[in-house]
Amino acid sequence: MEVKGENYNVWYDNDSNYVNFSGTLRLTGMKDYTPILDLLNNIAEKQSGKITLNLQQLEFLNSSGISMLSKFIIGMRKKKSSEMTILASYNIPWQGKSLKNLQRLMPSLKLEIE
Amino acid sequence: MIKIFGNFLERLIHNNHAEKTDIYGSFKDSLTEKEHLTLEFSPSKISLNNRWGNNSLSANFIGDYLVTFFPHENDNHHILNRQKLIRSSVSYIANELLENAMKYCDETSNFPITLHAQVDGDNIRLFVDNSVLASAAEKFKNFIKEFMVANPEEFYISQLEKTAVDNNSKYSGLGFVTIVNDYSAKIGWRFQMLERESPLLTVTTMVEISV
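Note that the protein sequences, when read in sequence, are chains A and B.
Heads up: the first sequence begins at 0 in numbering that gives the first Met the number 0, then just goes up one per residue.
Heads up: the second sequence begins at 0 in numbering that gives the first Met the number 0, then just goes up one per residue.
If you are wondering where the hints come from, they were derived from the structure by calculation, not from laboratory data.
Predicted model only: the values in this text are computed from it and were never measured.
Check before you lean on any hint, since a few could be wrong.
With a Cα cut of at most 27 Å, we get these calculated DSS-like pairs of lysine-lysine [unchecked claim]: (1) A/77 <-> A/109; (2) A/96 <-> B/83; (3) B/27 <-> A/96; (4) A/96 <-> B/185; (5) A/30 <-> B/140; (6) B/185 <-> B/83; (7) A/77 <-> A/49; (8) A/30 <-> A/78; (9) A/99 <-> B/83; (10) A/77 <-> B/161; (11) B/102 <-> A/3; (12) B/161 <-> B/185; (13) A/79 <-> A/49; (14) A/109 <-> B/83; (15) A/99 <-> A/49; (16) B/102 <-> B/161; (17) A/49 <-> B/161; (18) A/30 <-> B/161; (19) A/78 <-> A/109.
Given the sequences, and given the hints that come with them, work out the whole structure.
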């Protein structure tokens with residue numbers, strides 16, 4: 000499963016079971032983020048609520064993208080037995096600044112910044 | 000008929016509510032004697048979607064350009080990290096300001112969108128000008144008033160919750176909220192009448208970060 004654009008790629012890796020994000024994600028609004036949101040929801044459903052998002056190659060994400068991730072997280076927290084991890088990188092400054100807010104939406108969210 | 004009535008309503012809202020200049024937040028004027036750079040985007044017949052990628056291009060350029068004013072005399076880890084942080088912060092903020100300007104400007108007007116960047120010591124200021132219809136300006140001002148008195152962190156979370164439920168319920172202003180909350184930025188706005196009897200205003204958004 001993959002959603003690919005000019006400057007970004009979001010794909011599911013069967014070996015690691017991670018959803019990997021790479022490039023620059025600055026789409027126009029939530030409507031344009033729907034295919035990515037659908038991919039995340041499909042994977043979460045297939046893996047019985049267990050999902051890992053690997054953002055360590057995602058250089059930029061705009062506020063509409065943050066809104067899309069928060070929408071996904073809010074959907075996840077409603078489900079019983081959901082287990083979510085976000086892998087991030089200190090080398091990409093926005094991740095250290097913005098991702099911690101997502102934990103406030105879902106305190107059980109594991110945020111691993113390396 | 001609908002168009003004429005729409006114009007009439009715009010003028011009515013404009014005449015009732017718009018003062019000559021309205022300032023909100025921590026707005027500062029641009030100081031032309033400081034290092035600065037301005038990009039101006041003319042109105043275009045090319046659709047917003049087709050121009051959208053240019054926002055990122057311009058924002059990255061501004062980030063790269065401003066970094067040159069914070070030279071790395073010592074090529075050590077700390078300075079490189081500071082440069083990376085400046086580039087990334089400026090790029091994020093400039094992109095959000097341009098996205099907002101593109102989304103909410105009056106596309107039928109001939110007013111350009113400008114992005115003005117300025118370096119003042121350890122402060123970087125970004126200014127974006129765009130046109131806005133009087134009715135949209137009123138909604139925007141209501142958002143600003145709510146945002147200015149709120150606790151930024153709580154407001155951020157409440158906006159995320161709201162947009163998750165209904166994307167179209169209300170203007171979320173999430174770009175501005177992230178700029179203030181995640182980048183510890185100061186933000187301000189100036190609304191100005193373009194001319195009397197015109198339903199169009201200009202809004203300048205100013206963001207200042209210390210780097």
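Right, here's what the structure says about each hint:
1. A/77 <-> A/109: Holds: residue 77 of chain A and residue 109 of chain A sit about 16 Å apart, inside 27 Å.
2. A/96 <-> B/83: holds (13 Å)
3. B/27 <-> A/96: holds (25 Å)
4. A/96 <-> B/185: Roughly 16 Å between the alpha carbons, so the hint for residue 96 of chain A and residue 185 of chain B holds.
5. A/30 <-> B/140: holds (26 Å)
6. B/185 <-> B/83: Distance of about 21 Å is within 27 Å: holds.
7. A/77 <-> A/49: holds (13 Å)
8. A/30 <-> A/78: Distance of about 24 Å is within 27 Å: holds.
9. A/99 <-> B/83: holds (20 Å)
10. A/77 <-> B/161: OK: residue 77 of chain A and residue 161 of chain B at ~15 Å, within 27 Å.
11. B/102 <-> A/3: This hinted pair holds, its Cα atoms lying about 24 Å apart.
12. B/161 <-> B/185: holds (24 Å)
13. A/79 <-> A/49: Holds: residue 79 of chain A and residue 49 of chain A sit about 11 Å apart, inside 27 Å.
14. A/109 <-> B/83: This hinted pair holds, its Cα atoms lying about 26 Å apart.
15. A/99 <-> A/49: Roughly 20 Å separates the two Cα atoms, so the pair holds.
16. B/102 <-> B/161: holds (20 Å)
17. A/49 <-> B/161: holds (25 Å)
18. A/30 <-> B/161: With Cα atoms ~16 Å apart, residue 30 of chain A and residue 161 of chain B stay inside 27 Å; holds.
19. A/78 <-> A/109: The hint holds at about 16 Å.
Taken one by one, the earlier hints all hold for this structure without exception.
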